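Enquirer: Here's the letter readout for the chains.
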Amino acid sequence: MTRGIRAILRRKLSSATGPMEVEVDLQVGAGERLALFGPSGSGKSSVLRMVAGLLRPDEGHVEVDGVVWFDSAARLDLPPHRRRPGMVFQDHALFPHRTAFQNILDGVQGPGDRAKRAREFLDVFELSGVGDHPPTRLSGGQKQRVALARTLASDPGILLLDEPFSALDASLRGRVIEETAMHLDRERKATILVSHDMGEVWRLADRVLRLEQGQVVALGPPDSVFAGGTSTPRLRIPATVLALRESEGFVVVTASAAGTVVRAVISVEEARTLLPGTSVLLAAKAFETMVLPLD
Amino acid sequence: MDWQPLFLSLRLAVVSTVLLLVLGIPLARWIGLSVAWPSRVVRALVQIPMVLPPTVVGFYLLVVLSPGSPFGQFLDRVVGVRLLFTFPGLVVASVLTGLPFLVSNAVAGFQSLPPNVREASLCLGRGPWITFWRVEAPLAFPSILAGTILAFLHTLGEFGVVLMIGGKLPGRTRTVSIQLYDMVEQMEFGAAHGLALLLAALAFSGTLAVFALQRGGRK
Numbered sequence: 001m002t003r004g005i006r007a008i009l010r011r012k013l014s015s016a017t018g019p020m021e022v023e024v025d026l027q028v029g030a031g032e033r034l035a036l037f038g039p040s041g042s043g044k045s046s047v048l049r050m051v052a053g054l055l056r057p058d059e060g061h062v063e064v065d066g067v068v069w070f071d072s073a074a075r076l077d078l079p080p081h082r083r084r085p086g087m088v089f090q091d092h093a094l095f096p097h098r099t100a101f102q103n104i105l106d107g108v109q110g111p112g113d114r115a116k117r118a119r120e121f122l123d124v125f126e127l128s129g130v131g132d133h134p135p136t137r138l139s140g141g142q143k144q145r146v147a148l149a150r151t152l153a154s155d156p157g158i159l160l161l162d163e164p165f166s167a168l169d170a171s172l173r174g175r176v177i178e179e180t181a182m183h184l185d186r187e188r189k190a191t192i193l194v195s196h197d198m199g200e201v202w203r204l205a206d207r208v209l210r211l212e213q214g215q216v217v218a219l220g221p222p223d224s225v226f227a228g229g230t231s232t233p234r235l236r237i238p239a240t241v242l243a244l245r246e247s248e249g250f251v252v253v254t255a256s257a258a259g260t261v262v263r264a265v266i267s268v269e270e271a272r273t274l275l276p277g278t279s280v281l282l283a284a285k286a287f288e289t290m291v292l293p294l295d
Numbered sequence: 296m297d298w299q300p301l302f303l304s305l306r307l308a309v310v311s312t313v314l315l316l317v318l319g320i321p322l323a324r325w326i327g328l329s330v331a332w333p334s335r336v337v338r339a340l341v342q343i344p345m346v347l348p349p350t351v352v353g354f355y356l357l358v359v360l361s362p363g364s365p366f367g368q369f370l371d372r373v374v375g376v377r378l379l380f381t382f383p384g385l386v387v388a389s390v391l392t393g394l395p396f397l398v399s400n401a402v403a404g405f406q407s408l409p410p411n412v413r414e415a416s417l418c419l420g421r422g423p424w425i426t427f428w429r430v431e432a433p434l435a436f437p438s439i440l441a442g443t444i445l446a447f448l449h450t451l452g453e454f455g456v457v458l459m460i461g462g463k464l465p466g467r468t469r470t471v472s473i474q475l476y477d478m479v480e481q482m483e484f485g486a487a488h489g490l491a492l493l494l495a496a497l498a499f500s501g502t503l504a505v506f507a508l509q510r511g512g513r514k
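Going down the list, the protein sequences come from chains A and B.
The numbering used here puts the first residue of the first sequence at 1, with every later residue one more than the last.
The numbering used here puts the first residue of the second sequence at 296, with every later residue one more than the last.
Excised from the complex, chain B in its bound form (with noise of 0.2 angstroms):
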């Protein structure tokens, strides 16, 4: 069996939840913190991917960054990137898909932080980057680990974005979902339940650890 594939997916997966990390936690914070309309905005444009066919969002995508559009032509003559059928462009489709998995596990883990304990830590003198890392980081890890687990699988699983973007290029965009699409349609059904079963069961452990943070974090 090729093995590419699944290793493809895995270092898909791992770069774009890094990246997810790094952009979704100051976002979830905010989106959690803040009473005013703006975040509500912002929280129904992240959660968008979820609801629409990932085959829309990689139009959309596709039709934003192709060589031909202002952002393409941007990308392609000033920063010197094509996204279209490259890695680096399925990581920006999956960090987007990605996105409401992680922010809606965290922004929930944000606002259950017990009332007054932000407030407790800056009175003691303890500034706002300090009280993030020291008390609303660790009261909010399960739901971003939560988050975190279930993009990292809806990742590793992606198929409608990454085919319209990505293509199917082996080694570069030929992902493990899009691998057995091809088993089917070649009739390999052998190899097809043995791949099918490695994702099953790693989106059952996935889930599994997830609900088990949620009810330790509920404790």
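For reference, chain A alone in the conformation it holds in the complex (with noise of 0.2 angstroms):
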């Protein structure tokens, strides 16, 4: 029996810009996160409701810790609900007639005292203060720490998570995820990270599968896929550009990263492809920051 995920998914699709075939071969370790990376519209939300059950592939397998999920050539389908697939939603899909606790409570599976389980989950999530929130009064991040927690209290078997920090505030997202990465390492279940943002990408994920039109156009670690495999034992931080500014022949650049910003000296010619905005990899150089365009 294979351990994970193993997902070979065919499916057309009518996405923005006109007829797209999604295509995946992808396969995920027990223990191990990929990240689905790519930009909008590149299929890769389709590709984990596809995993999970919500969209069918028009061909493929799915099977998760030798349990098969889905077989077109064996016309087997088994539904969401009996997948089980531990999915986070974008917009955390809480249920809006019910209190943060009550969401939670909703995951809790089995025999046993359901409650004090969703306690005990309330407590880590360090949602003990807000337990009898409904969620229109809890914060960005509140709200994704409920819909992870329901999540995990579900006991899946695997965790689908679907651009989990995109309805967060800037501000908070560096937090969030720091706090998510060490709910993950704590779990350790196979899990598929759907993720448009490099960062996220970077701290959570342990491979990375690139999506573009729905075709898988490179899989390996983070750092060979972002970064053309120029790997070395520096320090590396991905980072945006805020801001370019030029004085004496050089370029100050102003990036953010990982909630500080970050201040570096770079030549006209090094600064010729950056724009605010740009995606950057800051890296130490004897006693200067190095600043190296992604993508």
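Hints in this document: simulated from the structure, not taken from any laboratory.
Since we're looking at a predicted model, the values are computed, not measured.
Possibly wrong hints are sitting among the right ones.
[Said to hold, decoys possible] Some chain B residues near chain A, calculated using beta-carbon distances under 8 angstroms: (1) F354; (2) E414; (3) L419.
[To be verified] Covered stretches of chain B (chain A as the covering partner; in silico rule of three or more C-beta atoms under 8 angstroms from a C-beta of chain A): (4) 400–412; (5) 428–435.
Just so you know, even glycine gets a beta-carbon here, dropped at the ideal spot from N, CA and C.
Relying on the hints, combine the two individually framed chains into one complex.
Expert: Structure follows, in structure tokens:
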């Protein structure tokens, strides 16, 4: 029996730019975290929904921990509630008529003291103070925690995270990603993370599958996929360029990385491909900071 | 004053509303969540009695249910029910004419479910049935209740269809709106005023409740 996720999927979709065929063959080992990375409309979420059973592939095979979830040839298609795929939705999809505590309770599986289990999750996710709040009274970060706690409470075999941080303010994001990383490290389930944010992928994923127009264009560890395999033991931090200022033949780059603002001086040549908003990699070079464009 | 027609109307409205809920909610859910064309055709069919003159609906029911028609014969010989000029007949007609009021509201309720909550429930391992009771029905409840109130009030006041297929047999098919008509014909204006005011007050308070529910549902 192979542990983890094995998915071979093919499906025609109509995208904003016309018909598109999603064709993916992926494998996620037990405890491994794979990121599906790509621009919006590249088919990332569709792949996730096909694994979850929310979207039917035209053809393919999905197997999790040796159990076949979908097989077009065998006409086998388990419904989502039989797969229990550990899905965390982009908009959190909290039940609006239930409190934070009840949302988590709705996830708790099996016999035994379900309320006790739910309270434990509430504690671990530092939500005890807002347990009786409805989702409308929770902050973005709290909603995200409730969503993750609810999913983990359902004790899924795998985790499928669909852009779980995109609904959050930039100011909150870094912290929530760190918290999530901590919870995911504790659980260590085979996980597929859909994202178009490099920082998020870098922090959370062991491997990246880069998707464009429904097709796999790259697969490997984050630094080889994003930085062209020029990996070194040096410190490297993914960052986003905030501003560029030219002064006396040099360019001062201001970039934000993991909640801090970093300033680096680079040559005009090096700065040519950069614009505010460009994703870059900051690396330590002797006593200076190097700025390497990503993509 | 003769209270029998009012009680008959109330009994009719209660029985029809219960049947409407049993029939209308699954129908509304299917129409609300289906994207296929048959659901649109069914929705149009359900909606027709709302825009047709009640006498037209009554006339077709008369044709279909009469003992001379194949369906009427089937009901009479196989099932053993007669629907013309009987209370069960009024119930069938009321369900038909009340359905659009319930269904149009309930469909709106099911369609306004936040995206993904249904899928989130399924992904937590709760099957479609539990998901319906725990997520869909509670969230659509204000709309379902609003539709139920409207259907109830409509049945209470239905006149045309009831007259066409029920006649006005005292104690069996003579409902309160027909009683009012009779009062006016016999120039008992005092009694007519009282009865009309009662029905208007019921309709007003019911409609008020519906608007309150719709506000609450949007918050």
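Enquirer: Confirm or reject each hint.
Expert: Each hint tested on the structure:
1. F354: violated, 45 angstroms
2. E414: With a closest approach of 5 angstroms, the E414 of chain B hint holds.
3. L419: It holds, given that the least Cβ distance between L419 of chain B and chain A is near 5 angstroms, below 8 angstroms.
4. 400–412: holds (count 4)
5. 428–435: Check passed, 4 qualifying residues.
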